[in-house]
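S.K.: Chains V and A are the protein sequences, given in the same order. Using the numbering used here, the first residue of the first sequence is number 1, and each one after it goes up by one. Using the numbering used here, the first residue of the second sequence is number 1001, and each one after it goes up by one.
These aren't lab readings, by the way, just hints derived from the structure by calculation. Treat the hints with caution; some may be incorrect.
One side of the interface only, derived from the structure: several residues of chain V facing chain A at Cβ under 7 Å [claimed, not checked]:
| id | residue |
| --- | --- |
| 1 | GLU4 |
| 2 | ILE6 |
| 3 | GLU52 |
| 4 | SER65 |
| 5 | LEU164 |
| 6 | GLY167 |
| 7 | GLY248 |
| 8 | LEU299 |
| 9 | VAL307 |
| 10 | VAL425 |
Please read all numbers here as calculations on a predicted model, not as lab measurements. Using N, Cα and C, we set each Cβ at its ideal position, and we do this for glycine too.
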Amino acid sequence: MDLELICLLAMLGVFLVSNMVIKLPVSLSMMFGAIAGALVGGQGIPLRHLFEGTFTYVDTMLIISTAMLFMTVVQKSGALEALNAAIVTRFYKIPALMLVLLMFVIMFPGMITGSSTAAVLSAGALVAPVLLMIGIPREKAGAIIAIGAIMGMAAPPINIPAMLIGGGVDMPYIGFDGPLFLLTIPCAVFTVLFLGLKYCKNLDIEKLKSQLNTEIGKEYGFKLYLPIIVLIVLLVVSKALPSFPQLGTCLIFLISSFVGLFTGRKFNFLKESADAMETTIPVLAKLMGVGMFIQVLTLVGARGWIVVSCLGLGMVFVYIATFTIMPAFGAVSSYGAASVIGVPFLLVMIQNTSCNDIVVAAVLAFTCCLGDLMPPTALAGNYAAQIVELKYKPVLKNCIIPFLFCIAVAVVCILNTNALSFLTV
Amino acid sequence: MKIPKHIISAVILTLVVIALVVYLGITFSSMRNPEPIYAGEGVTDMKMLSDWFPGLKGTNGDTEVYILDSGVEGASMLVLGGTHPNEPSGVVSAVMLVEYCQPEEGILYVIPRANNSAFTCTDPQEAAPMKYFIETDGGERWFRFGSRATNPTDQWPDSEVYVHASSGQTLSGSETRNLNRAYPGKANGNLTEMIAYGITTLINEENIDITVDLHEASPEYTTVNAIVAHENAIELANMALWDVEDYFSISIEKSPTNLHGLTHRELGDYTDTLALLMETANASQGRLHGAIHSSLVVDGVDKFYARAAQYGAVTVPFGEDGIGITERCARHISCLVAFCDEYLPEDDLYISLGDMPSFDEMVENGIGAYLHSPE
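Using the sequences plus the hints, can you model the full thing?
M.R.: Okay, structure coming up:
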């Protein structure tokens, strides 16, 4: 047995015992798993690597933190209540259309930023109360938001895993829009209708109105929506116009939050933002733990063992691993899955089959994005659950069938890459 | 007065964190100490890149440019090492030129640390060693194994999507700090774009005839053991291939016209130089390697890559003996010599690197034999 496999087993074993038996937080369990792997691998306690690993997600953590501030401002200022009232009163007569439109709203920030977390924490937070109000159970609403955010992350124009995979084989990020739309739109529509439609076929508008705050919109008027409008405009403009200063998602969230302080109901920003950050610190710590884990995984050679073992099992297994191990690797990092597994898998597929490389890369990138549902990290699932005020397990349970549908669509696409090559033009 | 337990534990934890931060701060700061480079007898001058582009002065992007002037009128060549400091054969080959080469005709410019900032950090998740060691006749030399990208303390944050300045091409945001996606550079851009601009300016002002960018790639990469040439330099690459193909196998690839920011594309388009880039196979920067340490960087022996080769998952021959840094440097140096030997100028101004070791001699003696002993 390879020492690298023993290291991997030690890491997973210590992680599981720490988390499930000793009941330590996921973050600390990941750290102890990483230390165990390093000790078994003869690296001692590699402080430098443990520390460096925590920096893997520093950008993601900043986006999460600033998005939490934005979410707090939009909620406390009253913009969220006003938006909910506006959507429900306009679209309640055509629930299927309303649900699909809401799904696209959830997807939008992910499409622009390439981040499911940004989508969940911005649009997801706006749409969640509407979904709950029209009668969709919390766990299903959370699942809709989680899958919607991931579809947004995977949909064009920005798909970071596709860029990472393409970068690994010198493939320009050109021609991906068609395949990515084909993969994401049917999955998004299926998910929202499958999970939500049966609960909102006969909506009682009078009953709904009694739950809606229609007054706040009248009190503050159009300016109440300014933080949301500023967010959308800055996200779109900074991507559509390369000459526009690149503000970055964090700064855009901060600017939009600042605007929201003056457009609606007054509240204690310092207290509310401190409360919001307190709820998000465990997830940030989890990301740091995952960073340590993957760094040690590489240090002791377990990463190489995983990838080479997959490659050694032949083309059929490479296809199977694409739809099992690759999304599962998302438990560590969906971007990591793209870089570590996506690149060698794409190379093997290109070398051994006469496939369309862009369609294959798009499918691999799409599958990597689904990794954001995988526990323990489950970025999309975690925050969607937090928004609907649930633990993430019931939310993830409701994601299973949409997840399998997404995998099925991806399988169909990867088996027909040449037939779909017209989409890459 | 009894101090509450939570205060005591908070104080202890804070002190532990401070101690760790100090220790780790010292560890990471050590990456800012440059490895010694000893100017050999062929070096006639040493300038800084900021001498061509003053915008770099005082930044971590400024870097040494070694000038080896033969004193005989001739052509000029620029060699870039350390565009990606995690590709060590490019760095070591450039250092070997500075310390060993004595041109007999024309002028050789060498930048061993093209992205100086990227030498000062490592990449999270890659777990790479901070240093690697090469044995020389007079003892062990050390070199830093840096990052593929500019240190984030010099340039941060990255945007989600990197938009290449002159073409508008979009790439993953992680490429924002990649020097080999920033050419021809931008005088008022970010630090990486400024470094690229400085190198482009040097090439234009010094009328550099040939520019060679030394790289490495993971053994599973599609472009490896290869020369990538701008269309203007394809003929030179083909001629050089004749000189080296008896010693090792190497392919020639034409620079793609739709992939922007790279030396072999933009320097060929924006300057009059013949732009070439070379890749050797480095197991330590791949995704398939086993445990990573200095010896993997230098010896290149890795059982997982050997296995992957049996599965057909790598693009170069990779056996149990691996691909060591000596062979990788010997490939680079042999091709550089061949480029000079085969350069056919219209003005009859040639370039000669002088008495350089052959591929076989380098493989037999080891690259350390051609490096200065540590002082």
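S.K.: With reference to the structure, classify each hint as holding or not holding.
M.R.: Going through the hints against the structure:
This hint holds: GLU4 of chain V has a C-beta 6 Å from the nearest C-beta of chain A, less than the 7 Å allowed. Restraint check, ILE6 of chain V versus chain A: the minimum CB separation of about 12 Å is more than 7 Å; hint violated. Of the supplied interface hints, the one on GLU52 of chain V holds, with its beta-carbon coming within about 5 Å of a beta-carbon of chain A, less than 7 Å. For SER65 of chain V, the suggested interface contact is broken, since its CB lies about 13 Å from the closest CB of chain A, more than 7 Å.
Taking 7 Å as the C-beta cut-off, the interface hint given for LEU164 of chain V holds, the closest approach to chain A being about 5 Å. A distance limit of 7 Å between C-beta atoms decides the matter here; for GLY167 of chain V the minimum to chain A is near 5 Å, and the interface restraint holds. This hint holds: GLY248 of chain V has a C-beta 6 Å from the nearest C-beta of chain A, less than the 7 Å allowed. Restraint check, LEU299 of chain V versus chain A: the minimum CB separation of about 4 Å is within 7 Å; hint holds.
Taking 7 Å as the C-beta cut-off, the interface hint given for VAL307 of chain V holds, the closest approach to chain A being about 5 Å. Restraint check, VAL425 of chain V versus chain A: the minimum CB separation of about 14 Å is more than 7 Å; hint violated.
When held up to the earlier numbered hints, the structure conflicts with 2, 4, 10 and fits the remainder.
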